[in-house]
Amino acid sequence: MTTEERIIKYLENELSPEERNRFESDLNNSVELREELNKYLNVKTETDKLKKLKLNSLYLNSLIPEFRHNLDSPKSVSVKRNLGYAFGLMVIFILSISILKNFFYSESPTVVLQEFTQSLNENQKIELLEDINGDAEVYNLISENISDNELSNLLTAELELNNEVAEAYDISFNELIVGLSQEKIDEIYAEILNRNF
Amino acid sequence: MNVKTDDHQLVREFLSGNEQSFNILARKYQERIYWHARRMLADHDDAHDIVQEVLLVMHSKLNTFNFSSALYTWIYKITATRSLNLIKKKKLKRIFTFSSYEIVDSYGYENIIDDIETKERFLRMEKHLKSLPVKQRQVFVMRNYDDLSYEEISSITGKSIGALKANYFHAFRKMKELIKKNDD
Chain W
1 MTTEERIIKY LENELSPEER NRFESDLNNS VELREELNKY LNVKTETDKL KKLKLNSLYL
61 NSLIPEFRHN LDSPKSVSVK RNLGYAFGLM VIFILSISIL KNFFYSESPT VVLQEFTQSL
121 NENQKIELLE DINGDAEVYN LISENISDNE LSNLLTAELE LNNEVAEAYD ISFNELIVGL
181 SQEKIDEIYA EILNRNF
Chain B
1 MNVKTDDHQL VREFLSGNEQ SFNILARKYQ ERIYWHARRM LADHDDAHDI VQEVLLVMHS
61 KLNTFNFSSA LYTWIYKITA TRSLNLIKKK KLKRIFTFSS YEIVDSYGYE NIIDDIETKE
121 RFLRMEKHLK SLPVKQRQVF VMRNYDDLSY EEISSITGKS IGALKANYFH AFRKMKELIK
181 KNDD
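Order-wise, the sequence lines are chains W and B. End of the first sequence = 197 in the numbering used here, gap-free, step of one. End of the second sequence = 184 in the numbering used here, gap-free, step of one.
Chain B extracted, bound-state conformation (with noise of 0.2 Å):
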């Protein structure tokens, strides 16, 4: 039995009742969506509430599940998508609080990560993602971190393949200048 048959028949046995199918299910995606959430959004605690989030609409929208599709692509359409709504919404709040950028580098909880040399890189890295922009951070994200191939990512964030390579050229060479820069 493969991952996605394994999947979807998680989500048949939890439509028919079994929360405990739900549970298993959480717990294979969770790290993965906070992941993601996290390298979008920089912060631990907008990446905490994503996974909330996510797990709620995964356990009412279930349903809606088209079984034609592989479930974590179905996850990381809601993931992508709750982030990016979350950045437009931070950046609105921004705007009308009349607050710079970033006022303060909070990065939060900063225990999720046991070593401290990998925290310290993890940290490095996060600072220069968040200075990508959006779009050529998301595909980014996905194509490095989720090793998502461009299908995939097309699928999720509705773009063409093209517009995606072109993001994602963009901003490897940012991300090549920034460790650079970081380097010297």
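Extracted from the complex, chain W is given alone in its bound form (with noise of 0.2 Å):
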């Protein structure tokens, strides 16, 4: 049992005689024992003091007619308040749906470039093919995201609107017939024929 937990024993009446005979002896020999009870005591003290503190008596006599006031009158339900719970609640639920719905469908840039190139119109594409022809980077990203074969249907879209596209973008004739019909180059070739000669 260390010095500490001996004293207070001894002040909450905890020990045994024997043992609180010996602490009494000890307390006659040492110097050090008496000055850390005296500090224990001064808490003692300390307390006692404010342990019958009296209210004032004016305060005293308000709290029963209060709580009779309180029981008369109706629950008001702070509405002010639930409405102040109820808006936080809805802003922690609509982040936390945002949170979680970015956490786990979160898309690539290709994902989000293909679901973009697929919602363009045909004109709409060969506007942005227009916009890009310089950009030989991004027009690589953007022909990878479509296939072939909507890229050819571009290319011949555009072709039937300007003749003069092909030499524009420096693409060969080849290149521009992938995936046509014959009868559509045929078609392509004679109006292309007719314009120029």
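If you are wondering where the hints come from, they were derived from the structure by calculation, not from laboratory data. Warning: the hint list may mix true and false statements.
[Unchecked claim] Computed list of lysine-lysine pairs in DSS-like fashion (alpha-carbon distance at most 25 Å, straight line):
#, chain 1, residue 1, chain 2, residue 2
1, W, Lys-52, B, Lys-119
2, W, Lys-9, B, Lys-181
3, W, Lys-44, W, Lys-9
4, W, Lys-49, B, Lys-130
5, W, Lys-39, B, Lys-28
6, B, Lys-88, W, Lys-52
7, B, Lys-28, W, Lys-51
8, W, Lys-49, B, Lys-165
9, W, Lys-49, B, Lys-174
10, B, Lys-135, W, Lys-9
11, W, Lys-51, B, Lys-174
12, W, Lys-49, B, Lys-28
13, B, Lys-91, W, Lys-80
14, B, Lys-127, W, Lys-44
15, W, Lys-80, B, Lys-88
16, W, Lys-51, B, Lys-180
17, B, Lys-119, B, Lys-174
18, W, Lys-51, B, Lys-119
19, W, Lys-52, B, Lys-174
20, W, Lys-51, B, Lys-181
21, W, Lys-9, B, Lys-180
22, W, Lys-49, B, Lys-180
Put the two chains together into one complex, using the hints given.
Structure follows, in structure tokens:
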């Protein structure tokens, strides 16, 4: 048992008669033990002084009337506070959903690009290809994500609109006709001949 | 007639419709409820709220009171639980509002203690008590201020006597150091 434990047990009357006698005998022989005991006695003295603290009588007499008033008045529900809680919960719910959605359905840039190109109509795709014509890197990225067939259709459509575009794109005739039916190829070829000669 | 049977008699009278008996019980215990809550919460407004809350609980739940135990143990149980709940609630509030433990030492309504010297001593001790962990504070308050035995504290808190003694030992040691530091 440590010295502090002995002191507290002594003050709490928890020492056996033998332990108590030995403790009191040690107290007579040890200045340190007496000093330590005095520190604990000081705590007891301080708490005892405040133990029988009395409340101001005016305040004390107001407690029961207030309780009776609370008892009689109907329970009021704090609408404002409940709305606050509801709003807070809603914000947390929305944030959680968006975080979880991003976590589980995070899409790569390629997937996003594919979705974007699929959302374009034919004319928008042609415009896009014209815009990015000078940028080989972006062109490759776009063309990688569009099927060959779709790309051919795009170029064919563009060729039908403007037969000089093939020259502008610097694309060979063979590349343009991949995927086209023979009938379509003949038709386009005849058109080009008619226009140029 | 002893305190226990007195209380039991008053409870019976209240349960048979005598509101005046409830007022007698409330007047008898309101100050003890206040001081326990005040020492646990270190705030007048919170202690005041606890008194009102405990009186309301007593009024609505006295029909469930088991006459085999003392009424004051039952009241202490309600007071201790409500005080601990409020401490937890305030701690959570501090976390969600990102505020520090206590921004301002707000002791509230100082006029509840008339004597200035006593008031100063009380506020000093309240500050020391507040720096104890909640479990240690609770057993220290119940032992030293409320004069409850370990058996009674155990029945109120549901903790084993061994655990209560260990908490009390640490609380006592810390209070000794805090008071000494303050005196130096």
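Do the hints match the structure? See the list:
Distance hint between Lys-52/W and Lys-119/B is fulfilled; the C-alpha atoms sit about 13 Å from each other, no more than 25 Å. At most 25 Å may separate the alpha-carbon atoms for a hinted pair to count; Lys-9/W and Lys-181/B meet this at roughly 23 Å. A threshold of 25 Å between alpha carbons decides the hint, and for Lys-44/W with Lys-9/W the separation of about 13 Å falls inside it, so the pair holds. For the proposed pair Lys-49/W and Lys-130/B, the alpha carbon gap of about 18 Å is at most 25 Å, so the pair holds.
Taken as a hint, the Lys-39/W and Lys-28/B pair is broken in the structure, with Cα atoms around 35 Å apart against an allowance of 25 Å. A distance of roughly 28 Å separates the Cα atoms of Lys-88/B and Lys-52/W; the hinted pair therefore is violated under the 25 Å criterion. A C-alpha spacing of about 16 Å is found between Lys-28/B and Lys-51/W, which places the hinted pair at or below 25 Å, so the restraint holds. The hinted pair formed by Lys-49/W and Lys-165/B meets the criterion: a straight-line CA distance of about 23 Å does not exceed 25 Å.
Note on Lys-49/W and Lys-174/B: the hinted pairing holds, with a Cα-Cα distance of about 19 Å set against a maximum of 25 Å. With a C-alpha separation of about 20 Å, the suggested pair Lys-135/B and Lys-9/W falls inside the 25 Å cut-off, and the hint holds. Annotation: proposed proximity of Lys-51/W to Lys-174/B holds, straight-line Cα distance about 19 Å (limit 25 Å). Proposed proximity of Lys-49/W and Lys-28/B is supported: the alpha carbons are some 21 Å apart, at most 25 Å.
Distance check on the hinted pair: Lys-91/B and Lys-80/W sit about 22 Å apart at the alpha-carbon level, within 25 Å; holds. Using a Cα cut-off of 25 Å, the hinted pair Lys-127/B and Lys-44/W holds, with the two alpha carbons roughly 16 Å apart. The straight-line distance between the Cα atoms of Lys-80/W and Lys-88/B is roughly 23 Å, inside the 25 Å bound, and the hint therefore holds. Note on Lys-51/W and Lys-180/B: the hinted pairing holds, with a Cα-Cα distance of about 20 Å set against a maximum of 25 Å.
Taking the CA atoms of Lys-119/B and Lys-174/B, the gap is near 22 Å; set against the 25 Å cutoff, the hint holds. Distance check on the hinted pair: Lys-51/W and Lys-119/B sit about 13 Å apart at the alpha-carbon level, within 25 Å; holds. Taken as a hint, the Lys-52/W and Lys-174/B pair is honoured in the structure, with Cα atoms around 23 Å apart against an allowance of 25 Å. Between Lys-51/W and Lys-181/B the alpha-carbon distance is near 22 Å, which keeps this suggested pair within the 25 Å criterion.
The suggested pairing of Lys-9/W with Lys-180/B holds, with an alpha-carbon distance near 20 Å, which does not exceed 25 Å. Taken as a hint, the Lys-49/W and Lys-180/B pair is honoured in the structure, with Cα atoms around 17 Å apart against an allowance of 25 Å.
Violated hints for the displayed structure, listed by number in ascending order: 5, 6.
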